[in-house]
Amino acid sequence: MVVLHAGRVVGMPAEVALAARTFVPALGWTAWAAVVLVNVIRAWCMHALGPQWNTRVIVVPGLPLVSDLPERTGVRRAARPFLWNGSSWTRLPAPFGPAAGHVSALLVRDGVSCAGGSVDQRAAAAAWDGRAWSPRHPSGLEASEVQHFAAYGTQVWAAGTRVPLQRWTGSSWSTGEGPPPGAPTADAVTHGPDGALWLAGHVEGTADGVTTYFLAELPTAARP
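When you line the sequence shown up against full-length UniProt numbering, it's residues 1 to 224, in that order.
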């Protein structure tokens with residue numbers, strides 16, 4: 001990518017010189033200066049961020065910031081969550097151990113940070129108690145990944161790619177209630193400002209062969 005951007009800066013004047021293009025100084029130099037300026041800003045951003053490029057940050061009201069950082073280690077991608085203590089970032093250990101994996105979802109609840117993602121092409125989850133990660137892997141198919149967490153009452157709910165809707169009851173995962181009949185796929189789950197649980201997903205193989213998409217709220221009576 002760096003080579004491509006550098007090539008654009010060099011290529012613009014080179015095209016005029018080598019291909020005998022018509023050159024309008026006011027327009028040409030202005031456009032070239034704009035490209036140079038954009039690349040200078042891009043280089044400054046990369047230098048300022050250092051290894052923390054492409055960092056995702058989650059802001060939890062009243063709690064520290066938690067982020068994850070994709071890194072390149074050979075041909076495998078690893079993930080390292082970071083904890084903000086108010087003045088600096090602290091790199092935490094990999095949630096899923098030494099195996100290659102990455103973090104896609106984060107949730108802070110009652111002083112415990114939950115990380116979700118995948119490891120070895122399987123859905124994975126872990127909880128950080130301030131000292132170490134504890135594995136809490138949900139069930140998932142091949143090439144599955146936890147992509148969403150939601151706090152709901154005393155439980156944590158999870159959804160994602162090829163991951164059935166599940167809830168953590170404090171000791172284990174159990175299957176969550178799917179709103180529509182059939183075989184619903186939970187694509188996203190979150191909690192609303194009133195504490196309600198909202199679920200978005202789809203159902204395939206309906207009578208007319210059309211995929212049905214839905215947005216549902218867990219009934220009040222079912223709230224733990």
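Just so you know, these hints were derived from the structure itself, not from any lab.
Among the hints, erroneous ones may be present.
Here are the in silico distance ranges between beta carbons for each label pair [what the hints assert, rightly or not]:
(1) Ala26 <-> Pro98: 37 to 47 Å
(2) Pro193 <-> Val16: 36 to 46 Å
(3) Val16 <-> Tyr213: 43 to 53 Å
(4) Thr211 <-> Trp84: 36 to 46 Å
(5) Arg91 <-> Val35: 34 to 44 Å
(6) Phe214 <-> Ser88: 17 to 27 Å
(7) Ser88 <-> Ile41: 37 to 47 Å
(8) Ala132 <-> Asn39: 16 to 26 Å
(9) Arg8 <-> Tyr213: 33 to 43 Å
(10) Thr169 <-> Asp194: 29 to 39 Å
Using N, Cα and C, we set each Cβ at its ideal position, and we do this for glycine too.
Hint-by-hint comparison with the structure:
Between alanine 26 and proline 98 the beta carbons are some 59 Å apart, a value that contradicts the proposed interval 37 to 47 Å. At roughly 57 Å, the beta carbons of proline 193 and valine 16 sit outside the given window of 36 to 46 Å. At about 51 Å, the beta-carbon gap between valine 16 and tyrosine 213 stays in the expected band of 43 to 53 Å. In this structure, threonine 211 and tryptophan 84 meet the distance hint of 36 to 46 Å, their C-beta atoms being roughly 40 Å apart.
Hint check: arginine 91 to valine 35, Cβ distance near 36 Å, so the stated range 34 to 44 Å holds. At roughly 44 Å, the beta carbons of phenylalanine 214 and serine 88 sit outside the given window of 17 to 27 Å. In this structure the supplied range 37 to 47 Å is violated for serine 88 paired with isoleucine 41, their Cβ-Cβ distance being about 26 Å. Hint check: alanine 132 to asparagine 39, Cβ distance near 43 Å, so the stated range 16 to 26 Å is violated.
For arginine 8 and tyrosine 213, the Cβ-Cβ distance of about 41 Å falls inside the hinted range of 33 to 43 Å, so the restraint holds. Restraint check, threonine 169 to aspartate 194: a C-beta distance of roughly 22 Å breaks the suggested window 29 to 39 Å.
Violated hints, listed in ascending order, are 1, 2, 6, 7, 8, 10; each of the other numbered hints is respected by the structure.
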